[in-house]
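Go ahead and model the full structure; you've got the sequences and the hints to work with.
Residue numbers (our numbering), protein chains in the order written: chain A, 41 to 397; chain B, 2 to 297.
Think of the hints as simulated: they come from the structure by calculation, not from any bench.
Examples of chain A residues lying across from chain B (beta carbon under 10 Å, computed):
#1 I116
#2 I117
#3 A118
#4 A124
#5 Q176
#6 A178
#7 P179
#8 E184
#9 F186
Glycine residues also receive a C-beta, built at the ideal position from the N, C-alpha and C atoms.
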Amino acid sequence: MSKRTNPYSGLPAHCFWSRTHRGKDIAEIDPVVKGQFTLKPKMKIATAGSCFAQHIAKHLQGQGYNYFVTEKAHPIIADQVARAFGYGVFSARYGNLYTTRQLLQLARRAYGEFQPKEDIWEVEGGFIDPFRPNIQPAPFASREEFDAAREVHFAAVRKMIEEADVFVFTFGLTESWVSKEDDAVFPLAPGVAGGEFDEKRHGFKNFTVSEVVADFRDFIALMRAKNPKVKVLMTVSPVPLIATAREDTSVITATAYSKSVLRVACEELQMMEKDVFYFPSYEVITGNYTRGAYYGADLREVEAEGVAHVMSLFMRHYTKDGGSAPASDKPVDSFQEDVQKALDIICDEEMIERAVK
Amino acid sequence: MTTYKLAGFGHSHLSAYLRAKRFFERTGKELLAETSLTQLNFKVYQPNYENVDLTAAYSSNPSGEKTNRLKRLAARLSGGGYHSFDALNRPRVLTENFENRMRHIIKRDDPNAIFLACMGNEYNTMGMLQHPEPFDFDLPGFGIEVEEGVAVIPYTLMRAQMTALCEQNVLLFWRFFNEATDKPIYLVPPPPPIADKMHIMSYPGAFSGKAKQYGVSPVGLRRKMWLLYCDILRDVVKGTGTTFVELPDPVFVDGCLAKQFWQEDPTHGNVDYGKLMLEHVTDLAFGPGAAKGDAK
Numbered sequence: 041m042s043k044r045t046n047p048y049s050g051l052p053a054h055c056f057w058s059r060t061h062r063g064k065d066i067a068e069i070d071p072v073v074k075g076q077f078t079l080k081p082k083m084k085i086a087t088a089g090s091c092f093a094q095h096i097a098k099h100l101q102g103q104g105y106n107y108f109v110t111e112k113a114h115p116i117i118a119d120q121v122a123r124a125f126g127y128g129v130f131s132a133r134y135g136n137l138y139t140t141r142q143l144l145q146l147a148r149r150a151y152g153e154f155q156p157k158e159d160i161w162e163v164e165g166g167f168i169d170p171f172r173p174n175i176q177p178a179p180f181a182s183r184e185e186f187d188a189a190r191e192v193h194f195a196a197v198r199k200m201i202e203e204a205d206v207f208v209f210t211f212g213l214t215e216s217w218v219s220k221e222d223d224a225v226f227p228l229a230p231g232v233a234g235g236e237f238d239e240k241r242h243g244f245k246n247f248t249v250s251e252v253v254a255d256f257r258d259f260i261a262l263m264r265a266k267n268p269k270v271k272v273l274m275t276v277s278p279v280p281l282i283a284t285a286r287e288d289t290s291v292i293t294a295t296a297y298s299k300s301v302l303r304v305a306c307e308e309l310q311m312m313e314k315d316v317f318y319f320p321s322y323e324v325i326t327g328n329y330t331r332g333a334y335y336g337a338d339l340r341e342v343e344a345e346g347v348a349h350v351m352s353l354f355m356r357h358y359t360k361d362g363g364s365a366p367a368s369d370k371p372v373d374s375f376q377e378d379v380q381k382a383l384d385i386i387c388d389e390e391m392i393e394r395a396v397k
Numbered sequence: 002m003t004t005y006k007l008a009g010f011g012h013s014h015l016s017a018y019l020r021a022k023r024f025f026e027r028t029g030k031e032l033l034a035e036t037s038l039t040q041l042n043f044k045v046y047q048p049n050y051e052n053v054d055l056t057a058a059y060s061s062n063p064s065g066e067k068t069n070r071l072k073r074l075a076a077r078l079s080g081g082g083y084h085s086f087d088a089l090n091r092p093r094v095l096t097e098n099f100e101n102r103m104r105h106i107i108k109r110d111d112p113n114a115i116f117l118a119c120m121g122n123e124y125n126t127m128g129m130l131q132h133p134e135p136f137d138f139d140l141p142g143f144g145i146e147v148e149e150g151v152a153v154i155p156y157t158l159m160r161a162q163m164t165a166l167c168e169q170n171v172l173l174f175w176r177f178f179n180e181a182t183d184k185p186i187y188l189v190p191p192p193p194p195i196a197d198k199m200h201i202m203s204y205p206g207a208f209s210g211k212a213k214q215y216g217v218s219p220v221g222l223r224r225k226m227w228l229l230y231c232d233i234l235r236d237v238v239k240g241t242g243t244t245f246v247e248l249p250d251p252v253f254v255d256g257c258l259a260k261q262f263w264q265e266d267p268t269h270g271n272v273d274y275g276k277l278m279l280e281h282v283t284d285l286a287f288g289p290g291a292a293k294g295d296a297k
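Here it is in C-alpha cells:
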C-alpha cells in the first residue's frame with residue numbers, strides 16, 4: 041500500500057502556499073525552485089526586451105559574466121555618454137523592445153526580410169529612427185549618419201542572433217501602435233518622441249496570447265535557424281503600464297490583462313519549445329507576500345531591494361556557485377588613462393613656471 | 002593712460018598671456034587695460050575641484066534652499082552633461098575654498114571685465130594621440146575630409162562626448178564666474194592645434210614616450226576636435242553676459258596655429274601668441290564699440 045494518500049501528499053514545500061512564505065523574510069522567499077541550465081563565465085549572454093531586462097544585463101556584467109554586447113561605442117566615448125546614447129543598455133542598440141512583434145520585426149529587418157514603409161522621421165535638427173526613437177538624446181545629424189548607424193545596428197543584431205549562447209528576453213507590453221500600411225510596430229505612438237500621429241495611417245493594437253506566442257515562436261525559429269544551440273530565458277516585466285490607450289478601461293485592468301497575457305504566453309512557450317525557459321522575476325516582485333514593498337512611491341518603479349532579490353535568485357539558480365565569475369585576465373585599455381595623465385602633467389604648475397621663465 | 006581693469010583667470014594656457022604681460026611691462030607698452038592674471042593651477046588655489054556625493058549634498062539642505070553651487074550643479078546635470086564621467090552621483094564641483102578665493106580676487110581687483118582661459122586641453126584629450134582603434138568623425142559645415150579605413154563616430158555622439166568633457170572642465174569654471182560676477186566675461190579658447198607632427202614629436206613635453214608609443218593623430222582630426230570644442234563653448238555662452246572670443250586671423254594658417262606662435266611643447270602658444278591674444282582681448286573688451294565693463 042502506497043504511503044501517498046492523495047496527489048498532494050509528499051509534495052515539496054514550495055508546492056504549498058503557506059510553506060512558501062511562513063516565517064520567512066521576504067528577501068528569502070524563492071519561487072524559482074530550480075534553474076534549467078547553468079551559466080558558464082564564457083557563455084555569451086544577450087538581452088532584449090522592456091526596461092526590466094536592463095537590470096539583468098547590468099547585474100551579470102557587474103558579476104563578471106560575459107554580457108554579450110555586439111554594438112559598442114568607440115572606446116574614446118566615456119561610458120556615461122555611451123549609455124546615454126543607448127550603448128550597452130541591451131546587447132545591441134535597439135532600445136526597449138516592448139512586444140514580441142517588435143522583436144520579430146527587428147530580426148526580420150536586420151536580415152532584409154521586412155522593410156517598413158514608414159522608416160524614418162525627419163524632425164528639427166535631424167532624423168529619428170521610428171523603431172528606436174529614444175536611443176539618443178539628440179536626433180541623427182544627417183541622413184548619412186542615420187543610414188550608417190542603422191547599418192551598424194542591423195549588423196549588431198545579426199551578430200547577437202547568430203552568436204549568443206543565451207538570450208534573455210523580458211516581455212513588457214501587449215499594447216502597441218502599428219502602421220496600417222504594413223503592420224510595422226512602433227515602440228512608442230508616433231508623435232510621442234518624433235513623427236506625427238495620423239489615424240488614417242496608424243492604429244492601436246492590443247496583442248492576444250496566441251499572437252504573442254506565435255510571434256515569439258517565429259523569432260525563435262529565425263534565431264535557431266542560424267544559432268541552433270541558443271538557450272532562451274523569458275521573464276515578464278513587473279512594471280505596470282504607465283498608461284493605456286483603451287479609453288473604456290482602467291490602467292489597472294489594462295495592466296492585469298497585459299501581464300496575464302504575457303505570463304500565459306511564457307507558460308505556453310515553455311511547454312512548446314525546447315530550451316526555452318521562464319524565470320519568475322515577475323512573481324518575485326509582484327507576489328502578494330511582499331505587500332507591495334518592492335515598488336517605489338509611485339507604485340510602479342521597482343525598488344533596488346526588489347531587483348536585488350530577483351538577481352540573487354537568478355545567481356543562485358543559474359550559476360555554479362551562486363556568485364561572481366572568476367576574474368578575467370583581459371587587459372584593460374589604458375589609452376585614455378595615459379593621455380589624461382599626460383595632460384594632467386601638462387597642466388601642472390611646474391611646467392607653467394618653467395614656461396614663463 | 003590705462004583706465005580700465007581686466008582680470009584674467011586660467012590654467013596652463015594662461016601662461017602665454019602671463020609672459021606677454023611681463024614683456025609689455027618690461028618694454029613699457031601700455032594696453033587699453035591694466036591686467037591682473039590668476040593662474041588657477043598654482044598650488045595656492047589647489048584643489049580647484051572635488052567630487053561630491055550628490056545625495057549628501059542635497060540632503061544637507063533639508064529646507065530645500067539651494068546654494069548657488071547646487072543650482073549650478075543642477076543646471077549642469079540637467080543640461081546634457083551626462084552626469085560627468087565620475088561614478089554615478091559623485092559629480093565634480095569646484096571646492097568652496099576655491100570659490101571663496103575667486104570671489105575675493107574679483108572683489109579685491111574690481112575689474113571692468115574678466116577673461117577666462119580655463120582648462121582647454123579637453124580637445125587634446127580626445128584627439129592629440131592616435132588611438133589604438135583609429136577613429137574620425139564628420140564635422141558638418143567645414144568640409145574637412147573623414148579618414149578612410151578608420152571607425153567613424155557619429156557627429157551627434159562625438160559632440161555629446163566633447164560636451165560632457167567641457168562640462169566637467171572648462172564649463173565648470175565658466176558657470177562659476179558667470180554666477181559670481183556681473184562684469185562682462187570673455188571666454189577664450191585654447192590655441193588651435195599645431196599641424197606639424199614633427200614639432201610635436203620633437204617637443205612632446207609631458208607626452209614624451211606616449212607620443213612615440215601611440216603616434217600623433219592626423220591633423221584633420223585634431224582640427225575637427227578644436228572646432229567642435231569651440232562650437233560647444235560658443236553655443237553654451239550664447240545669450241549670457243559672456244562673449245566667446247573668436248581668435249584673430251593671424252593665429253591661423255590652414256586652420257592650425259601659425260608657426261610663429263608655437264611654443265616648445267605640443268599644445269601651448271608662445272609669448273608672441275600671448276601678446277597677440279592679450280591685445281585682442283583688451284581690444285574686444287575696451288576698444289571702440291566694446292561694453293567697457295557695463296553691467297550685464
